[in-house]
Every structure is written in C-alpha cells, then in structure tokens.
Amino acid sequence: MLPVPGDVYPDIQILMADTAEMDEILTAFRRFSVHGDTKASGKELNGKNWAKLCKDCKINDGKNVSGTDVDIVFSKVKQKTSRVITYEEFQMALQELAPKRFKGQSKEEALESIFKLVEGREPSNAGVTCFTPCVSVYRQKVVKAPALDRLTDASRYTGSHKERFDGSGRGKGREGREELVENTGY
Numbered sequence: 219m220l221p222v223p224g225d226v227y228p229d230i231q232i233l234m235a236d237t238a239e240m241d242e243i244l245t246a247f248r249r250f251s252v253h254g255d256t257k258a259s260g261k262e263l264n265g266k267n268w269a270k271l272c273k274d275c276k277i278n279d280g281k282n283v284s285g286t287d288v289d290i291v292f293s294k295v296k297q298k299t300s301r302v303i304t305y306e307e308f309q310m311a312l313q314e315l316a317p318k319r320f321k322g323q324s325k326e327e328a329l330e331s332i333f334k335l336v337e338g339r340e341p342s343n344a345g346v347t348c349f350t351p352c353v354s355v356y357r358q359k360v361v362k363a364p365a366l367d368r369l370t371d372a373s374r375y376t377g378s379h380k381e382r383f384d385g386s387g388r389g390k391g392r393e394g395r396e397e398l399v400e401n402t403g404y
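Numbering (our numbering), first residue to last: 219 to 404.
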C-alpha cells in the first residue's frame, strides 16, 4: 500500500509540488531559450533571452533588480568562454537574484517566490507591430500602429500613386501601373 501524502510522510507532498514546479520552470526555460532563434535546441539560454525572461516574468522590477543586475548575474553564472547558460546555471542565476528581488524574505521563501514568477511563463509578443496579416506564435495581442493606418489609406494618396487605386481603395493592378493601349480601331 502506498503512503498517502501528508499522512505518514508529510514531506512527500512537498517533493511532489517541487517536482511539478521544477517541470514548469524547465518548460519556461525551454520556451525562452528558443524564442527568436530558429536554430536553438532549447537547452541553452543566451543573454538577450535571459534579459527578456527577467523582464517578462517581472523579476526585473526596476527598483530592487535592474537590467544591469540581470546582466551581471548572467555573466557571473555562465562559463568564462561561453555566451549561453544551461538549465543548471539558470537555476543558479535565479538563486542569485531571489534575495535581491525579495529583500524581506528568507532565502528559501525568496527562491520559492522567484520560481512562482517564472513557472509556466512564455515570451510575450505584446507591442509588436505587424504590417502584414500575421498570427502570433504565442497568441498575444498584436498592436496595429496608428501610422500604419495613415500610410496605407489610399484616399490620401496624391499624384501618380492616386491613379493606382479605385474609389474604394482597392488596387487596380496592371491597369493602374502601366498605360494600356486599347486597340479598338478608333
């Protein structure tokens, strides 16, 4: 018969929660490590994506932890000749930042709090301007720039560009680009 968590062995529940929590952190690490790099394997995180992780997960709060602190910790935990960090180095980096981010808490509580900020997160694409109809990989809201509406409004075109569009704003195609000769005989 298997022991019931919290019954005879109260630490079993903590171990299971830690394992689930660590799986979520590993998932977040992999998501951020492949962000923006088609050749990434998901096993190493570069400095740019480390800074993005800290910003998106709100580890970098601007008061206790700044962007400079994030860069210094990255340089401290990585190998001397390397430009990336592994998952183990990533955990060490979080341990370095935890007491600085959560100053009033003990080291264990701070580490648990920083893990809660990271677990299950993925890179955000909010605020990205999209000029063509595109679908975001992470299903975030894509911002349509106000300048884009102004620049693509065909009713405001002048000169030769105005002749390329009909009254509704749709392009005329070849007819609008080239002078076509009608061979009707007149």
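Among these hints, one or two may not hold up.
Pairs of lysine-lysine residues, derived as DSSO-like cross-links and limited to a Cα-Cα distance of at most 27 Å, are as follows [stated by the list, open to error]:
(1) Lys257 - Lys273
(2) Lys270 - Lys325
(3) Lys294 - Lys334
(4) Lys318 - Lys276
(5) Lys298 - Lys266
(6) Lys261 - Lys321
(7) Lys325 - Lys273
(8) Lys325 - Lys281
(9) Lys281 - Lys261
(10) Lys318 - Lys266
(11) Lys334 - Lys281
(12) Lys318 - Lys294
(13) Lys281 - Lys270
(14) Lys261 - Lys276
(15) Lys321 - Lys276
(16) Lys294 - Lys321
(17) Lys257 - Lys270
(18) Lys318 - Lys257
(19) Lys273 - Lys321
(20) Lys276 - Lys334
(21) Lys281 - Lys257
(22) Lys318 - Lys334
(23) Lys294 - Lys261
(24) Lys281 - Lys318
(25) Lys380 - Lys334
(26) Lys321 - Lys281
(27) Lys334 - Lys270
(28) Lys321 - Lys266
(29) Lys261 - Lys273
(30) Lys334 - Lys261
Think of the hints as simulated: they come from the structure by calculation, not from any bench.
> Which hints from the list above does the structure break, by number from lowest to highest?
Replying inline: Per hint list: 6, 9, 18, 21, 25 violated.
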